[in-house]
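Based on the provided sequences and hints, a complete structural model is requested.
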Amino acid sequence: MKPSVLPAAAQPWVWIAAAILAVLLPASRAWAQAPACRPPASLRFAGMPAVAFPYGRFKKPYHLYLMSPRAVAYDGAARSVPKANWRRLAAVKLGFLGPLQRQYANSVYGISMLHGAELALAKANRQGGYHGKPFVLDIHNDKPLWGASAIAIVHMRFRQHVWAMLGSVDGASTHIELRAALKLQLPIVDTATTDPTVTETRIPWLLHNFPDDRQQGYALADYIFNQLHLKNVAIMRATNRYGRLGFSVFFDTARRMGHPPAVVLTFAPYQTHFGFLLRELQQMRVQGVVLWCGARQAGLIVRQMRTLGMRQPVFGSSRVAYPELITAAGVAANGVVAVSAINPDSSNPRWLQFRRRFVHRFHSQPGAYAAYAYDGMTMLIGAIRKAGLNRALIMDVLRGYQMKAYHGVSGTAFFDNTLNNIAPVTMAKVVAGHFVYWPEQRTDWRGHRWPACLEAAN
Amino acid sequence: MNRKTRFRLISALVCWGFVSSLAWAARAASPLPPFYTHWVNYTAANGFPAGEVYCVAVDGQRIWAGTEHGLVLIEHGRVKQIFTRADGLAGYAVMSIAIDRQTGSVWVAALGGLSRYSAGKFTRYTVFSSGLANDLVYSVAVQGKYVWAATAGGVSRLNTWTHAWRIFSVMSQPSAPFKEPWAYALALGARKIYMGLWGGGVVVYNQRRQTWRPYLSPSNSAEILLYRNQGLISNIVSSIVHRPRSKSFWVGTYFGLSGYDGRLWHNYLRQDSGLASNFVNSVALQGRRVWAATQRGLTEFDPATHVWITYRPANWRALDTATPPPLGRGEILITAPHRPPRRIATATSLAHNYVLGLAFQGRDIWVATAAGLSHGFASPTGDQHALR
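Protein sequences appear in the order of chains C and W. With the first letter of the first sequence counted as 1, position 387 gets the number 387 in our numbering; the numbers rise by one all the way through. With the first letter of the second sequence counted as 1, position 278 gets the number 1278 in our numbering; the numbers rise by one all the way through.
No lab work stands behind these hints: they were computed from the structure. Treat the hints with care, as some may be off.
FRET-style restraints, in silico, Cβ to Cβ [what the hints assert, rightly or not]:
no., chain 1, residue 1, chain 2, residue 2, range
1, W, P1177, C, F58, 20 to 30 Å
2, W, I1082, C, V136, 27 to 37 Å
3, W, A1318, C, H155, 31 to 41 Å
The model shown is predicted, which means the values in this text are computed figures rather than measured ones. For each residue, glycine too, the CB sits at the ideal point set by N, CA and C.
Written out as structure tokens, the structure is:
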């Protein structure tokens, strides 16, 4: 037998072994690491369940937007603007836009949001502010005629020279801010709107941490159709933007799950008598009613339903899960299930400390809007401290939260590529005149580490 | 197949081959558009205000630029004057400029209101002093006696003869197909007004018949493009331009470029064309060619030849950093069907890759960028041949 003349390195078995090692070594490194804490549906926009994907049963889309890290990329020149000299500033100004006048329906959320932001600011200033300069809020009232507040962002940017802003509650106002922010290069942290379309615009100047109507709609649809196995529900919604946009994700998800809502009934945001609508509903023999409106109106609807002898279970959006529901409905509120943006019974030390400080300063219990405003303002202040006084660099730090978690007083937020919080929501049920809370447990998450890994990391 | 049929079939094939070869030859022989190989930039270094330039308009030999710090007038290659609120301008940042060819007035849309510059002074129009729908004005256009303004509260129209205002929005026109009220862009046809709405697609208003026609993204989901040429690519419209004497118009969105030829839609993404970026800030027309101002360069597209040309600084990636290097050479990227992409280096460059607007002055081009105003000079024909 003729001996091989090939050198050892050129022997085929050496190459085969090297190839096997090249494949196995990186894989073994991956096995050694803990898998990333990401939603199982992270391959779909906003963590939507597979069944909710638009046209999912019929056609693979030609192109998917909003899924890549470049979804909100910024390629402009604002990073090269020289950082402001903090020594020459009396204070570091941050803008605030929210409904604050008590005659406006949304002021309850706006005032709560302001209190949360003020608490975060006070803490930051106790810790030394920004190089010893205090953070101060430039507060603007968001009037219900959204056009009237439109100019606020321009004044914040050019007259007050704010470095970033917080706001607003109303989806329309937030859209107006967003459009102007693109031109004015002003970072916005939105901690209150539930409008799911604000993060679908590709404007690279927004971070949004309040659970939006997408997350709420997916949670409710899964609970109603997959966990309670109902098949035929009706929707009642207010005719304002909150109701108009809010119910649509739930409606579409229910339809795609094979349970299109029997009817969508609408009512004015100030309406208090619903007898006509409820009698219509009574004849339709629906198995449940989903409400997308404020807590007081939801309470009145539930009370009037029970008076008419309607015993169907009632479900609601996040603005339903407030004590006003129980005040308006009385004992009729028992059994109502709604999405909640926070769990006020949480034993999370951050939440407990925040609640203690909030009660001490404002003599009232903090709500979801206060908690998310506190978290949003804390993130913003952290970004300013890290980046310095340059708006684009501040936004870059906020953009660093893409596909990452943030542990705050409101719980654990998880931001997708559009900088929208897609962490699981909390469910709330009225039992014996009190809300009982539990974390959302979507059926398509069963067998996955999500969301338990988020809680574990908290 | 008998002999006669075979003869007819062969004749038809020969004719088809002849006609298509003629068409191919015509396309191949069609001249490339003029290249812009020489750029002069107006930045803080030569007296131009620092910051973003949002728009530019050409008025004969005068160039008007809308910036973060007001309205800038350039004459004979020099910054002649900068107008701010102190001079009577209604707002701070200037978003759009329109020239009234009949009167010579300059109409200025700003974040703060609408202004008219005439006879050396400004007249302000705001929500409190006029019928303007909102003080955030994003676009302005002049159509004879009418001045149209796209605002955050709808579209406003001023009759300059009677000084009467009319508002077009969800509230004032309940029958109009406004999905959302926020207007962003305007384009004028002979009898039609094309309104680009933020989240509301395109709405076309026929002035003579007083009828409306909406164009919305049929997939109705921002996260997907279901079919490539499904219809309007996205409902979030940033700009719109109408081709004169036709039914066609082009739409810039933050999700790609859309063109309507009067019958069909043609959509283009960065992924499937030579478009520099899907984030289109503005669109313009030059003859049959479409220009898209994107955040990664200025792209020119010829729908007849499907040739795409993009202009941007060669070191554009480094320009978006906190410590950008000096602006160096420029680059021209040419993408044509069935040919490998070509890259041509130029000695001078656009001021920045983030482009917000453009206007033409004869063969020259003026480009509004995030870091200054650029004046592009078309190369002589000889250079073009050399480049080809």
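Here is how each hint holds up against the structure:
1. W:P1177 - C:F58: 20 to 30 Å: holds, 26 Å
2. W:I1082 - C:V136: 27 to 37 Å: holds, 31 Å
3. W:A1318 - C:H155: 31 to 41 Å: Since the Cβ atoms of A1318 of chain W and H155 of chain C sit about 35 Å apart, the hinted range of 31 to 41 Å holds.
The structure shown violates none of the earlier numbered hints.
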